[in-house]
Amino acid sequence: MARAVSTRRKWIATAAAWVVALVIFFPIFYMVVTSLKTEPEAIAGISLIPSGTFENYVEVQTQRDYFKPFLNSVIISLGSTLIALLIAIPAAWSMAFSPTRRTKDILMWMLSTKMMPAVGVLVPMFLIFRDTGLLDTRIGLTVVLTLINLPIVVWMLYTYFREIPGEILEAARMDGATLMGEIVYVLTPMAVPGIASTMLLNIILAWNEAFWSIRLSAANAAPLTAFIASFSSPQGLFWAKLSAASTLAIAPILIMGWFSQRQLVRGLTFGAVK
Amino acid sequence: MGNITLKNVHKAFGATVIIPDIDLEISDGEFVVFVGPSGCGKSTLLRLIAGLEDTTSGTILIDGADMTGEAPAKRGLAMVFQSYALYPHMSVYNNIAFPLKMAKADKETIDAKVRAAAQTLNLTAYLERRPGQLSGGQRQRVAIGRAIVRQPSAFLFDEPLSNLDAALRGTMRLEISELHQQLKTTMIYVTHDQVEAMTMADKIVVLNAGNIEQVGSPLDLYRSPRNLFVAGFIGSPRMNFVTGEEAARHNAATIGVRPEHIRLSTTEGAWKGVVGVAEHLGSDTFLHIQVEGIGQVTARADGEFTVHHGDAVWLTPEPTKIHRFDADGNAI
Amino acid sequence: MATRQTRTLARLMMAPAVVLLLIWMIVPLSMTIWYSFQNYNMLNPAMRGFAGFFNYVYFYTDPAFYQAIINTLFIVVGVLFITIVGGIALALLLDQPIFGQGIVRILVISPFFVMPPVAALIWKNMIMHPGYGVLADVSRFLGLQPVDWFAQYPLTSVIIIVAWQWLPFATLILLTALQSLDEEQKEAAEMDGANFVNRFWYLTLPHLARAITVVILIQTIFLLAVYAEILVTTNGGPGYATTNLAFLIYRTALLSYDIGGASAGGVIAVVLANIVAIFLMRAVGRNLDR
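Protein chains in written order, with the numbering used here: chain L, -7 to 266; chain A, 28 to 359; chain D, 30 to 319.
Chain L on its own, in the form it takes in the complex (with noise of 0.2 Å):
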């Protein structure tokens, strides 16, 4: 049951709330405005009210090919999301249905693996793209940062597979399913909207990775990331373009995060806190 709350206190939290929100997210509402201003308006001073070009978000990708980090960005954020699902899959089902007293030492294991710091392995990753010529290639990255993910993934999906009654699956057994009937049939359907939040979980991770994908690349599969990150080195103002670049990199995955917040929580807690 609800509370009967007066409507004086709902408007001064409303106030409140929205005070703190507008604050909060105003760097990247003032990022937008100013991409839509031409480069002197964007340091001519604080105004809210751009001029409208579009013109930089053209010149972004006249000048300095835009599209080009774009798509290594898809191509390694999607390319590692699915082979970790295609990895993951099986073995968290076989965790969630077919336990042991293993199982849990091994999920806790597979945790640890996150915990190691990029850095500490930094140089013999480095030097082994070197030697292998992964250096600068998408394959390289996606493999990597597949690598990474992994281990959220499965966590993910075994806490999801856990949440589907074993007695259906018996069922879909006692009905005659084979295996594959049992997977391709009951437990893929009814693990989809799990499997889908596990997946733009993962894009989102993989798409904002910032230390490999700055480091183990360069011109040619540098992602957005790499790509945004090079605009640091001073090559006078152009602030109006780079924000039309940097909205440009983050307006999918913004969108993306608003419609998974929710499962967001859960995997990124590893399910202690749903």
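Read the hints as simulated data drawn from the structure, not as lab findings. There could be a bad hint or two in this list.
Claimed, not checked - Covered by chain A, according to a simulated footprint, are these stretches of chain L (three or more residues, beta-carbon under 8 Å): (1) 97 to 105; (2) 151 to 162.
Unchecked claim - Taking lysine to aspartate or glutamate and the EDC-like style, the derived pairs with C-alpha atoms no more than 20 Å apart in a straight line are: (3) L/96 with L/31; (4) D/153 with L/33; (5) L/2 with D/124; (6) A/101 with L/51; (7) D/153 with L/31; (8) L/2 with D/221.
Cβ atoms here follow ideal geometry from the backbone N, Cα and C, with glycine treated the same way.
Given chain L's structure and the hints, the job is docking chains A and D onto it.
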């Protein structure tokens, strides 16, 4: 056909023995109920027959063929689960059709069988709905429908009514019994509720700690329970057990009298007691009486029998209905 | 709950994930440890050989190392403090009935989805820039001298940017935990005469304890490795003012080409992270037993 034979069936999970050693014969067309308190191994026994668990040792024969190591689907059995285990992403139609699709039946056959089953179970109006949109009783019927279409040699029910409310439980009990009369297929039914066991079974198997305590028809078990466990488990309210001097007078370690086998009087009788709580059910009244030298005794009285808390009453057990047990709890 | 057949199959299906992660864990880590005992500088490839503990001694006696450790701690503790306190306050606010709750939630959560280089560049150029930044404009409007954030308060500036990115994470998780607090419990406490402060102290805070632990531990893992924000804004400077351990190792490895020294630094980073990891695993593991 649906003869099922268990020979020396033994089941252990690691060091934990669930079923020490069981022999059981179930003949074709019988309605057999496995009943016992929770944790007695009745569900495990059912799952062993279904093939959802491996036996540790022993043999399971279905219609004479050794099915011990066979996959569940190959055994020709159908199961209705406690949670119904309906496929939530499929319509009622597709739920019922699923086993037929898995058996690669052709479209016309599937359609005919699904519609026939829906007809029998009053589900025709709901065929396009999802399980989530159905009531508990309807879900139960879909689960049964899914079992019927396979025309199995035996049905297995795992506590199918425990998730329903009391009124619906009564109705579904009748429906399942009616179904058994129509199909005449072997049914094995697991429950912890002795009322379900008594009302539905041709044959009751009472289980306790993985052992079969007694096998027999409902009335056999009611009239002549083999030991204290069966005596206490079958019948509601429970049989009254009396030990000590009163039992010794009957040459037994314990005697048992059912509440319905005690005559009550406000003036005279064998045992004198004081009325505690009286539960009025309308047709009957159950009196909980504190009897001197014996303890708490439950007795059934006529619905019109009016006594109050604290009144004195006299009780007389019917001499022919007294059950006698030795020191090991076995009936004499 | 299954038969022998399905169990065997289950083991097989788990194998690829286990084997891959095993390789991923063992190969690079053992290489790091191996190199940490080697003389290996890419600028001087001829001089290779066993170095004993030289790399460790060299790396750990470098004054930059102490500065980096202190900076790392400041970043972790500073960001944790801001995000936990701010997160609890925000979560309590958003848990109130308000108009437009959905939109407010979206606005608050957004910074978390902004990739680190973008976040760093927005703050550096558009918010904190001493000439053209919004904060400078506001200062001038108020008649104050604009602050040159990255020159005067470099570490604080980095902490602010990182905290802005992680505040939504803390808020979202604490809010989720808050919403799982039983409404009847709150009502019972109210019936028992507990006021808002009492309810927060005796009911809400204990209920949030586990979520707070999880937030602290997960953030610590990521905060120990803050990298892109520093690279884009200060590049570790001025001097070593914003160089944390991760950044120092990167500098040693890829700017000084000192493979041995960087590996020795990597080993301590792994050890540090493992100490935190042990606590996190306990917290998560307890949840598994539920």
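To see whether the hints hold, each was checked on the structure:
1. 97 to 105: Three-residue rule not met by the stretch 97 to 105 of chain L, so violated; n is 0.
2. 151 to 162: holds (count 4)
3. L/96 with L/31: With Cα atoms ~56 Å apart, residue 96 of chain L and residue 31 of chain L exceed 20 Å; violated.
4. D/153 with L/33: 18 Å, holds
5. L/2 with D/124: 11 Å, holds
6. A/101 with L/51: 67 Å, violated
7. D/153 with L/31: 17 Å, holds
8. L/2 with D/221: Outside the cut-off at roughly 24 Å; violated.
The structure does not agree with the numbered hints 1, 3, 6 and 8 stated previously, though it agrees with the rest.
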